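Peer 1: The residues making up each chain are set out below.
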Amino acid sequence: GAGVSQSPRYKVAKRGQDVALRCDPISGHVSLFWYQQALGQGPEFLTYFQNEAQLDKSGLPSDRFFAERPEGSVSTLKIQRTQQEDSAVYLCASSSGTAGNQPQHFGDGTRLSIL
Amino acid sequence: AQTVTQSQPEMSVQEAETVTLSCTYDTSESDYYLFWYKQPPSRQMILVIRQEAYKQQNATENRFSVNFQKAAKSFSLKISDSQLGDAAMYFCAYEGYDMRFGAGTRLTVKP
Numbered sequence: 001g002a003g004v005s006q007s008p009r010y011k012v013a014k015r016g017q018d019v020a021l022r023c024d025p026i027s028g029h030v031s032l033f034w035y036q037q038a039l040g041q042g043p044e045f046l047t048y049f050q051n052e053a054q055l056d057k058s059g060l061p062s063d064r065f066f067a068e069r070p071e072g073s074v075s076t077l078k079i080q081r082t083q084q085e086d087s088a089v090y091l092c093a094s095s096s097g098t099a100g101n102q103p104q105h106f107g108d109g110t111r112l113s114i115l
Numbered sequence: 116a117q118t119v120t121q122s123q124p125e126m127s128v129q130e131a132e133t134v135t136l137s138c139t140y141d142t143s144e145s146d147y148y149l150f151w152y153k154q155p156p157s158r159q160m161i162l163v164i165r166q167e168a169y170k171q172q173n174a175t176e177n178r179f180s181v182n183f184q185k186a187a188k189s190f191s192l193k194i195s196d197s198q199l200g201d202a203a204m205y206f207c208a209y210e211g212y213d214m215r216f217g218a219g220t221r222l223t224v225k226p
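Taken in sequence, the protein lines are chains Y and A. Position one of the first sequence corresponds to residue 1 (my numbering), numbered consecutively onward. Position one of the second sequence corresponds to residue 116 (my numbering), numbered consecutively onward.
A few of these clues could be false.
Claimed, not checked - Here are the simulated lysine-lysine pairs, BS3-like style, with alpha carbons at most 30 Å apart:
| # | chain 1 | residue 1 | chain 2 | residue 2 |
| --- | --- | --- | --- | --- |
| 1 | Y | Lys14 | Y | Lys78 |
| 2 | A | Lys225 | A | Lys193 |
| 3 | A | Lys188 | Y | Lys57 |
| 4 | Y | Lys57 | Y | Lys11 |
| 5 | Y | Lys11 | Y | Lys78 |
| 6 | Y | Lys57 | A | Lys185 |
Since the hints were made in silico from the structure, they are not lab data. This one's a predicted model, so the numbers in the text were calculated from it and none came from an experiment.
Only chain Y is shown next, with the shape it has when bound in the complex (with noise of 0.2 Å):
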């Protein structure tokens, strides 16, 4: 597609799951950012991979989060043992260049709630 894509779009979990969100950039980008955010809030950084090198994972807001970008294009968000408070839209955005040089592109987010 031209835009990124994540999915699911929603999910639903129970405390202590383990939940996986995707994300497809757009084709040919290098860069890849995970954001949380919360209702009502802006988003807020959680990592970021230049091709399939994770370069800043000071975001991530335990040890319970995991993200992977093994071929340098599709990534993977992962919580394990959700709680409540990991409730929130996780956005991801890719973008052509580096370091702000080139605009991030967004995809429309994975609503997670956790019950």
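Guided by the hints, dock chain A onto chain Y, whose structure is given.
Peer 2: Chain A only, in chain Y's frame:
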């Protein structure tokens, strides 16, 4: 750490009128980028306008323009001839060493 502040949680404008959304930021970096994103209920973040900090000239994009005051660390967005489709959440964002977003301003456009 860089912080981005949007002091107006909500704004309202009459259709065809002009509205200005405020944004200030704090940074010790000299090279960075500033953005305004629009987020409608569909959740997708749509880039409205982008400003490179080393450029003194204010960015414009059709009905959207910014007032970038680097010394004051201010980056406001002006929307001219407001349209009903402009109604959305607007986020100011800073990208330097990392990417930071403000808390957003909800814009309502009245017919």
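Peer 1: Is it true that the CA of Lys225/A sits at most 30 Å from the CA of Lys193/A?
Peer 2: 17 Å, holds
Peer 1: Can you confirm whether the C-alpha distance between Lys11/Y and Lys78/Y stays at or below 30 Å?
Peer 2: Given that 30 Å is the threshold and the Cα spacing comes to 13 Å, the pair holds.
Peer 1: Does Lys57/Y lie within 30 Å of Lys188/A when you go C-alpha to C-alpha?
Peer 2: Holds: Lys188/A and Lys57/Y sit about 27 Å apart, inside 30 Å.
Peer 1: Given the proposed pairing of Lys57/Y with Lys185/A, does the C-alpha separation stay at or below 30 Å?
Peer 2: Between Lys57/Y and Lys185/A the Cα gap is close to 29 Å, so the pair holds against 30 Å.
Peer 1: Checking one constraint from the list: CA of Lys14/Y to CA of Lys78/Y, max 30 Å. Satisfied?
Peer 2: Status holds; Cα separation ~15 Å.
Peer 1: Are the Cα atoms of Lys57/Y and Lys11/Y separated by 30 Å or less?
Peer 2: Since the Cα atoms of Lys57/Y and Lys11/Y sit roughly 23 Å apart, the hinted pair holds (cutoff 30 Å).
Every hint, counting from the list given before, is met by this structure.
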